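Just need the whole structure built from these sequences, with the hints factored in.
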Amino acid sequence: MKKNLFGAIGLAVMCLVSSGLVWAHHGDANRYNEDVIVITGTLVEVQMVNPHTLITFDVTGANGQTVRWQAELGGAQQLMKQFGWSKTTMKVGQKLTITGRQAKNGDPYMNLTERSNIVLTESGKEIFRTPNYGLPPGVEPPTQGRGRGADPARQ
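The opening residue of the sequence shown carries number 1032 in the working numbering; numbering runs sequentially from there.
I should point out that these hints are in silico values taken from the structure, not numbers from a laboratory. From a predicted model like this one, the values you see are computed outputs, not experimental measurements. Among the clues, some could well be false.
[Stated by the list, open to error] Below, simulated DSSO-like cross-link-like pairs (lysine-lysine); rule was C-alpha separation at most 27 Å, straight line:
1. LYS1112 to LYS1126
2. LYS1156 to LYS1122
3. LYS1118 to LYS1156
4. LYS1122 to LYS1112
And the structure:
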């Protein structure tokens, strides 16, 4: 009887802990604008961490003022495996042209997990592209010959 009680308590604790972990990874439904924007800025920092890699960059507006932006991508392992990224893929001080979805509240924050890309501005080299880049909202890319999330530039 004691074994069953301890087993039930253990199972209950595991369920509570794991439900918290599942809840911790959020969706971005209704958090970002559907339309993408394109901005060019100077890289300040790259944080290749999980669950989201973050890049920080400064954008100079038409008024001459600099605004510090952040953008989130997939996790570090995904970027390394799928796109061949390393700590030297982008260097602090480089100009980047970024297409992504801005936070609806107007903050200088972008999501780069859908319909987005990153180009090294001076060389024109594209270093990141989601499979649905260039597609309208809600349209899925064709998946013939590649798995979901594959880099179409490498196909």
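Verification of the supplied hints:
1. LYS1112 to LYS1126: It holds: about 24 Å lies between the C-alpha atoms, which stays within 27 Å.
2. LYS1156 to LYS1122: Holds, because 14 Å separates the two Cα atoms, which is no more than 27 Å.
3. LYS1118 to LYS1156: Holds: LYS1118 and LYS1156 sit about 17 Å apart, inside 27 Å.
4. LYS1122 to LYS1112: holds, 19 Å
No hint from the list above goes unmet by this structure.
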